[in-house]
Amino acid sequence: MQNFLKIERAKKNITQAELAKELAVSRLTIHSIESGKFNPSVQLALKMAAFFEVKVEDLFQLD
Amino acid sequence: MRKFNALADPQYKMVGLTFALIGVLLLIVQKLLNLTYDPGWEERTLLLIHYVIVLSLIMLNFSKEIDDDERIQRIRYTLLKLIYAWTILGISFYLVCTGLNSVNLNLYLIIYIIEGMLVLYQILFRIYLALNPKWIFEEHRSARSFLIMGITILFLIGLVIFDMITFIV
Numbered sequence: 001m002q003n004f005l006k007i008e009r010a011k012k013n014i015t016q017a018e019l020a021k022e023l024a025v026s027r028l029t030i031h032s033i034e035s036g037k038f039n040p041s042v043q044l045a046l047k048m049a050a051f052f053e054v055k056v057e058d059l060f061q062l063d
Numbered sequence: 064m065r066k067f068n069a070l071a072d073p074q075y076k077m078v079g080l081t082f083a084l085i086g087v088l089l090l091i092v093q094k095l096l097n098l099t100y101d102p103g104w105e106e107r108t109l110l111l112i113h114y115v116i117v118l119s120l121i122m123l124n125f126s127k128e129i130d131d132d133e134r135i136q137r138i139r140y141t142l143l144k145l146i147y148a149w150t151i152l153g154i155s156f157y158l159v160c161t162g163l164n165s166v167n168l169n170l171y172l173i174i175y176i177i178e179g180m181l182v183l184y185q186i187l188f189r190i191y192l193a194l195n196p197k198w199i200f201e202e203h204r205s206a207r208s209f210l211i212m213g214i215t216i217l218f219l220i221g222l223v224i225f226d227m228i229t230f231i232v
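In order, the protein sequence lines correspond to chains B and W.
FYI, the numbering used here numbers position 63 of the first sequence as 63, with every residue one higher than the one before it.
FYI, the numbering used here numbers position 121 of the second sequence as 184, with every residue one higher than the one before it.
Simulated from the structure, these hints should not be mistaken for lab results.
Check each hint, because a few of them may be wrong.
Unchecked claim - In silico BS3-like cross-links for lysine-lysine, where the CA-CA straight-line distance does not exceed 27 Å:
hint	chain 1	residue 1	chain 2	residue 2
1	B	K11	B	K47
2	B	K21	W	K76
3	W	K94	B	K21
4	B	K37	W	K127
5	W	K127	W	K197
Said to hold, decoys possible - Pair by pair, the computed Cβ-Cβ distance ranges are:
hint	chain 1	residue 1	chain 2	residue 2	range
6	B	A50	W	W198	28 to 36 Å
7	B	A50	W	F209	34 to 42 Å
8	W	N97	B	H31	49 to 57 Å
9	B	N39	W	I211	23 to 31 Å
10	W	Y140	B	E22	20 to 28 Å
11	W	I129	B	T15	16 to 24 Å
Just so you know, even glycine gets a beta-carbon here, dropped at the ideal spot from N, CA and C.
Using the sequences provided together with the hints, build the complete structure.
Here it is in structure tokens:
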């Protein structure tokens, strides 16, 4: 699964640590998702989409 | 993915670590001073100290992290499966080796296996939190390694049951 988290984060100009704080997760979790190591749960994916004000499918896509 | 909502708050981690260190310190003190008040006193205190150490390690290992998110839960769940299997393997192997002979059976060795596994869990947990290995998060992991471990556990449990039957008869 590919994700566009890094791009959305760059658009908003926020760091991994700031995003982690907003979503109440650790910075390493954001890093793991961005680097494709870890697929987030639906709940976290929805939270991310809501934070970036995009659809989940705009944030995460199947390869 | 399973969630561990019943875990203690992060501050219990420090309490567990403190009690575990006190326990180890007491073990060293008892070993060095070699105090004996009455017959069986040493045995009783040793068991009590080990009991405190095991409880403290459980408190240390099974309390939440500050950011206890789903990545940390996944690492914890994977390691729990691994350590649980290793503990059963270790104890079963030891029981098989002694043939359930109460003369050779050393309770402390079983306690050492449990304590060792709890310490190993904590070390591996810290390493995996820092290294964040990709295999921890893989959804479709090869079932072969778990199959081999499962067969080994069943074999050892079978041997323990065989030992029990032979021991009773």
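Hint check:
Taking the CA atoms of B/K11 and B/K47, the gap is near 17 Å; set against the 27 Å cutoff, the hint holds. Annotation: proposed proximity of B/K21 to W/K76 holds, straight-line Cα distance about 22 Å (limit 27 Å). Of the pairs offered as hints, the one joining W/K94 and B/K21 is violated, with about 48 Å between alpha carbons and a cut-off of 27 Å exceeded. Note on B/K37 and W/K127: the hinted pairing holds, with a Cα-Cα distance of about 22 Å set against a maximum of 27 Å.
Restraint check for W/K127 and W/K197: the C-alpha separation of about 22 Å stays at or below 27 Å, so the hint holds. The hinted range of 28 to 36 Å is satisfied by B/A50 and W/W198, whose Cβ atoms lie roughly 31 Å apart. In this structure, B/A50 and W/F209 meet the distance hint of 34 to 42 Å, their C-beta atoms being roughly 37 Å apart. Hint check: W/N97 to B/H31, Cβ distance near 52 Å, so the stated range 49 to 57 Å holds.
A beta carbon spacing of about 27 Å between B/N39 and W/I211 agrees with the range 23 to 31 Å that was offered as a hint. With their beta carbons about 25 Å apart, W/Y140 and B/E22 fall inside the hinted range of 20 to 28 Å. A hinted range of 16 to 24 Å holds for the C-beta pair W/I129 and B/T15, which are about 18 Å apart.
The structure shown violates just one earlier hint, number 3.
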